[in-house]
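S.K.: Construct the complete structure from the given sequences, taking the supplied hints into account.
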Amino acid sequence: MENNNINFRVDQYLEELKHALQGQDRALIQDALFDAEDHLRAALADGDNSLGSLLEIIQKYGTPIEIAQLYCEMESTVQHALHGNRPSTQPIIKNRFFAILTNGDAYRALLYTLLAAPLGIAYFAWVVLFGLPSLTASLLIIGIPLFLVFLKSMQLFSLFEGRLIEMLLGQRMPRRPLYQRKDPSQGMWNNWISSIKDMLKNRRSYTTALYMVLQAGLGLTYFITIFVGAFMSVVVFLSPMVDPIAHAIDPSQTIDINWYWFQLAMPGGFLSFIICLHLAKFAGSFQAKLAPYLLVNIDDS
Amino acid sequence: MNLEPNDPSVETEAVEQQVKKFRKELSSGTVALMLLSILAKAKTPLYGYQITKLFEQSSSDKQGALYPVLRNLSTKGLLESEVVPSENGPPRKYFTISTLGRAVLKEWLEIWHQTHAFVNQTIADNSKGEDNGK
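Listed in order, the protein sequences are those of chains A and B. Position in the first sequence (from 1) plus 126 gives the number in my numbering. At position 30 of the second sequence (counting the first as 1) the number is 19 in my numbering, and the numbers step up by one without a gap.
Note that these hints are calculated values from the structure, not bench results. All C-beta atoms, glycine included, are put in the ideal place defined by N, C-alpha and C.
Computed cross-link-like contacts, BS3-like style, restricted to lysine-lysine with a CA-CA straight-line distance of at most 25 Å:
1) K144(A) to K51(B)
2) K323(A) to K144(A)
3) K65(B) to K13(B)
4) K30(B) to K65(B)
5) K186(A) to K9(B)
6) K186(A) to K10(B)
7) K186(A) to K42(B)
8) K186(A) to K51(B)
9) K13(B) to K186(A)
10) K144(A) to K327(A)
Take a look, some chain A residues computed to stay more than 12 Å from chain B by CB distance:
11) N129
12) G269
13) N384
Taking beta-carbon pairs under 7 Å as the criterion, some of the chain A residues facing chain B (in silico):
14) D161
15) D164
16) H165
17) A168
18) K186
19) Y187
20) G188
21) E192
22) I193
23) L196
24) Y197
25) M200
M.R.: Here it is in structure tokens:
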């Protein structure tokens, strides 16, 4: 069956492309594979869908090695566009412990610790209140369409969370959805069935659900230890200054930390803020490693 | 076979190498301009394959080279993209030019016309000289 030959050859091309992009960001590889398959399929559909035309299409599109090279070259330009020039000059604060005050990454990670809690709870609720019941209801057949909706939502959530992680934690995540193979000769119903099968078989749907469940715990932990910690550090730092003034203006305001405590409160608040920034950066890099592992899967069929 | 410096096959190879390099440098500057221009003229959003077809006749570059540029322009905010599911085929990513893209295109076109005129003027004298020499 020529269709099988063509699918085989396309898969072969994509394997070679994946191999040529070895060592690159998983998300870059996923994007490159999507573009290639998208183009090859569209070109095949436009032509006579034959093996011969596929070879011609590949020749015009580019060999896997050529394409890999193009993506690698462009990626360094894109990184530059997104993140700008990393300052190559000496950091303003030399001491590594205190240097984190000027590190933008740490503040972005701190913002992530703020957002992670409500998002984590929402994700967890979605999995537990919709995913699990639909899975059990699937035993009664009636839950099956709901479970499929749930799996589809996993794909959308993973893209969304990926964008958030890329923006705040700097870890490159996929910008395209997973390519969904559709055979035009099969008709709409069969295509639908096979894309559903792909979704069910795809490890990523389930690891995303796992990520969502974990996020509640992780998000709350980050929020309580890091964000609240940082917030309270700032409060403690400012209180010796702000409280007496507020009390003078409006005597009903109690002074929590009086000015003479400033020798303890200010350094204490300052140090604990710095510690929280370090923790935020650490949490951020942990999350940035966890997310691609659970949300990106380039080993799927 | 003894290859000497002025051996024709060595020279041809060197020329070919330089031609390749020149072509690459030229296209890296102009592809983005052409992509923006195509999308500015398009009445509907276009997806990757449609765009590569519009390049087919003119360019000897590989079609695959367009996709990373499309991605780059999207990341910089010059293009907007939307993934649209379709019944017969896979979901497609459609591109439209953004407001920022239109503004940038206007500037780029200005620069292109100036550069184009200047280059033509410079090489015209050169080509004339060659013709006279022949």
